[in-house]
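K.L.:
Listed in order, the protein sequences are those of chains A and B. Quick note on the numbering used here: the first sequence kicks off at 1 and runs consecutively. Quick note on the numbering used here: the second sequence kicks off at 1 and runs consecutively.
FYI, nobody ran anything at the bench for these hints, they're computed from the structure. It is possible that some hints are incorrect.
[Stated by the list, open to error] Some but not every residue of chain A turned toward chain B, in silico, with C-beta under 10 Å: (1) G69; (2) L106; (3) V108; (4) K142; (5) L145; (6) G149; (7) I150; (8) A155; (9) E159.
[Said to hold, decoys possible] Listed below are the simulated DSBU-like cross-link pairs for lysine-lysine, each with C-alpha atoms no more than 30 Å apart in a straight line: (10) B:K52 x A:K112; (11) A:K118 x B:K286; (12) B:K262 x A:K133; (13) B:K183 x B:K226; (14) B:K262 x A:K118; (15) B:K52 x A:K125; (16) A:K197 x A:K112; (17) B:K125 x B:K158; (18) A:K147 x B:K52; (19) B:K292 x A:K118; (20) A:K125 x A:K147; (21) A:K90 x B:K111.
[Said to hold, decoys possible] Some chain B residues flagged as far from chain A (calculated, every beta-carbon gap over 12 Å): (22) N44; (23) D94; (24) K132; (25) M146; (26) E222.
The beta carbon of each residue, even a glycine, is placed where N, CA and C say it ideally should be.
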Amino acid sequence: MAIVNLKKREIECKIVYYGPGRCGKTTNLEYIHKAFKKQVTSEMVSINTDGDRTLFFDFLPMELGKLKGCDVRVHLYTVPGQVQYTSTRKLVLRGVDGIVFVADSLEVRREKNMLSLKDLHQNLKEYGLSILKIPLVLQFNKRDLAKEGIPLMSAEQMEKDLNKQLKVPSYPGSAITGEGVGKTLQACLKLTIQSLKKELSWND
Amino acid sequence: MKEIKTLIQEAEIYQSQGLLQDALRQYISASKILLKKEQSEKKNMLMRSITKKIHQLEQSLYNNQQDLKTPKLSKKSQDLVKNLSSYSKKLGKDEALLEGAMSLAKLGQYKSAITEFNKLLTNKKLCVHAAKNIIRNFIALSKPEMAVKHYKRWIEKKRFQNRQFENIRLFLESNLKNKGFEKLLSSHNDTIPEKPPTSNNQPIDDEPEEPLDIISIGIILENRSKEETLELDVNFQSGNNINVILTSNDHKLVEHYSVGYKIPQIRFFLVNALFIGQGIVSSFSKITLGPKIDNYSLDFEIID
Ligand SMILES: Nc1nc2c(ncn2[C@@H]2O[C@H](COP(=O)(O)OP(=O)(O)O)[C@@H](O)[C@H]2O)c(=O)[nH]1
Ligand SMILES: [Mg+2]
Numbered sequence: 001m002a003i004v005n006l007k008k009r010e011i012e013c014k015i016v017y018y019g020p021g022r023c024g025k026t027t028n029l030e031y032i033h034k035a036f037k038k039q040v041t042s043e044m045v046s047i048n049t050d051g052d053r054t055l056f057f058d059f060l061p062m063e064l065g066k067l068k069g070c071d072v073r074v075h076l077y078t079v080p081g082q083v084q085y086t087s088t089r090k091l092v093l094r095g096v097d098g099i100v101f102v103a104d105s106l107e108v109r110r111e112k113n114m115l116s117l118k119d120l121h122q123n124l125k126e127y128g129l130s131i132l133k134i135p136l137v138l139q140f141n142k143r144d145l146a147k148e149g150i151p152l153m154s155a156e157q158m159e160k161d162l163n164k165q166l167k168v169p170s171y172p173g174s175a176i177t178g179e180g181v182g183k184t185l186q187a188c189l190k191l192t193i194q195s196l197k198k199e200l201s202w203n204d
Numbered sequence: 001m002k003e004i005k006t007l008i009q010e011a012e013i014y015q016s017q018g019l020l021q022d023a024l025r026q027y028i029s030a031s032k033i034l035l036k037k038e039q040s041e042k043k044n045m046l047m048r049s050i051t052k053k054i055h056q057l058e059q060s061l062y063n064n065q066q067d068l069k070t071p072k073l074s075k076k077s078q079d080l081v082k083n084l085s086s087y088s089k090k091l092g093k094d095e096a097l098l099e100g101a102m103s104l105a106k107l108g109q110y111k112s113a114i115t116e117f118n119k120l121l122t123n124k125k126l127c128v129h130a131a132k133n134i135i136r137n138f139i140a141l142s143k144p145e146m147a148v149k150h151y152k153r154w155i156e157k158k159r160f161q162n163r164q165f166e167n168i169r170l171f172l173e174s175n176l177k178n179k180g181f182e183k184l185l186s187s188h189n190d191t192i193p194e195k196p197p198t199s200n201n202q203p204i205d206d207e208p209e210e211p212l213d214i215i216s217i218g219i220i221l222e223n224r225s226k227e228e229t230l231e232l233d234v235n236f237q238s239g240n241n242i243n244v245i246l247t248s249n250d251h252k253l254v255e256h257y258s259v260g261y262k263i264p265q266i267r268f269f270l271v272n273a274l275f276i277g278q279g280i281v282s283s284f285s286k287i288t289l290g291p292k293i294d295n296y297s298l299d300f301e302i303i304d
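So that you can see chain B by itself, here it is in the shape it has in the complex (with noise of 0.2 Å):
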């Protein structure tokens, strides 16, 4: 019986230290050490007492479990993502809007990251990205006819000039055409104003020199006896760095990819044209959060 006290004991103070594993495994140790004892009245009630608590603490962890499958990150951790996302470096404010914008959409927050790039569509130097990325947020989320009805709404309100318009069409249709859903498109093929929106029509002097904008890519597999490509879908892109989401199973075509490696042979998808290049991996991780959940993020730099 000092057995059982010293093991219900040590499980009450695992329970209160949150150690519910350790404290369910001294538990059932009691009660199997209980079940071998002669019948006795206090024997039972001891055993039911135990068998309760069992039931509570494997009630207690299913529910952390599944706490866990579905992690939401509150309004306030996404704040705190954004802030620390711009922690280490000096950046503008809306510089570091972008990036923690990107992070979000990197652990799959993309109905966040939307919100966030909507508030620089007013920012002369970042808004075609920005555009650009919500086209990719909402396909990523399958809503294909979103990204339509966004782009129709930034023509209604003249959000861009004409130049932009038409980088951000061709973006656009790309994407689209690249999930088979051009269809969408085809009733706004007259939708881009034939005039600049701008009545005074300034240059865009302080538009940066758009990177070019890449839609899928297909790694071309080292050793194989035939060529065997992988084909993915961009799922970000910040100048020359590429971000996409492999499967386990992509992944294990992979898997001796790590930081530094050289990838040396991918084929980059652009909007009108594809060219061969390298790129070096600057990370690799399983993805733990969210709803990419167990995919991988593959983080890769342009090389030439």
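In isolation and in its complexed conformation, chain A is listed as follows (with noise of 0.2 Å):
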């Protein structure tokens, strides 16, 4: 659902950041925010509670290429994972345009992928969106810690266990050193971008 604004001349469009509680989100945003200086256009929105954990989003606008003639700019949101926040992860998803969802690849957070997975599916539906059809990538995070010798899973367990169905692109990365963070945005932002026209009947 992007905003036109033709007297401005901008898209606006939302993309979520989504996945269970600790599997680097924010890290993801983070990382963005720095490496992508010159395309962020806002301050980073980041509350955390005294648990050290994101209460609420993140809030990260930037700037792409014209899309006929008008710009495109991006909001990028986080959701807190706790199971406690479920009306604020509904909450964010409205009016999303394009999700990543961001998998953690520790094997002792199998399951709370899964779930999560499972969550968004359903949120999701309830706004009248299909997880089948909404522009959607996935990233296995924390891919660095394979050489600390903690049990990761492996990338094919990990498409087995979540992309079976989906089949949308994944990307392995490490939102700490940043392998695999842009490349992940990249990829939903042009799946969101693609959708965008044809919702706006724009094909060129």
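Taking the hints as your guide, dock the two standalone chains into a single complex.
P.N.:
This is the structure:
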């Protein structure tokens, strides 16, 4: 549900980083904010409670190239992962145009990934959106932890768990080192813009 | 010993990731293995340090739990909720304000909602709506006396025109009665000003048609041998859209509801009338935040 502002010749769209608590959503946005400074046009708002959790969401619009003479402005959001905040998660998804699902590669987080994806599916449904149709990419985060000798899931395993039906692009990455972070966002933006063009019947 | 060392290393990494449960589990496994080992000074030292870790983690987990039980939205977060709510619709400033206020009220943040509704009292189109919501929120906060106090203050300040005052007063009265607080009003019976408070008696031209104010509803439960109803106070009304809060016991009676479900028979109690209609569920979910936590929020649209 992108907003087209013909007066300002601007299209606003919204991308949400979704995933279980502590999978690295905030770290992704922090990296983007640092690494793509030139494109970032606003401050990053991040809210933490005492328990060092993101209570709310982070906000970070950035400018892209033009689409039919209009600037594309992207709002990036993360959602809090804790179950307690389901209503907030749902609220953040309102009006979403594209989603990056960040999965945690730690083996101990396997079930949490799957539950979170299910939760996403359900929340989208409540807005009348289909997880099979919305622009979506997966990121298998924390790959850097492999060298710490901690049990990680293989990419194949994660594909099987999360992407068997979705069949969307997926990228290994590390939000800490920045590996794969830009790629993931680029891929999501590409899908989102494609879908916007279709939605606005602006096929070239 | 190697096994224990690995477990401790993993626990440390999990802890650094903020994965406290997972860290705790590794430390507990480590301590279990350690227990089976022969007595030694080294074992005792390690045991002490692991036990300390376990205590610390348990404490942190407990503290986080407590934080979550009373999640207060900071000022900043509340502002963000407001912006977020009006994000996807292009609304006028005041309409956006109204929607933001409603979202706050839905999250049970009644006090902040009242502050927002207060800002709308100067808007000719929305002022009556705002006033009614202020009343509703005070009643939701179990502070009916504050609702009356505000109403009196509006009269002093001549906030509204006579017709609007009557409308609001009727609304206040019905809400108080519904809660058994009608006494609160009796002393203010003569407080509606006789003359229009505005000296230049301009007609209220751009005032929209007021929707019917619904004070409470009775959902007539299906498939019962004799008629049973679920009586609920209206938490929110915006035109034909109604929001009610259900306790978990109420929820059991209607747990088959889902988005799009048609509620076949509802009694709507208005200020001074009753009508029967139907509703389409637009949202039904457990409240996971704020003072109404663990209750359920049901939104539906009235249909003819
Ligand atoms: N080693 C490693 N740690 C990460 C990575 N991404 C996030 N983290 C850590 O995981 C923890 C949770 O990350 P955060 O971004 O707050 O997760 P969120 O709850 O999804 O926002 C933090 O301690 C991060 O430093 C990663 O790719 N590699
Ligand atoms: Mg976060």
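K.L.:
Which earlier hints can't be squared with this structure?
P.N.:
1, 8, 9, 13, 15, 16, 20
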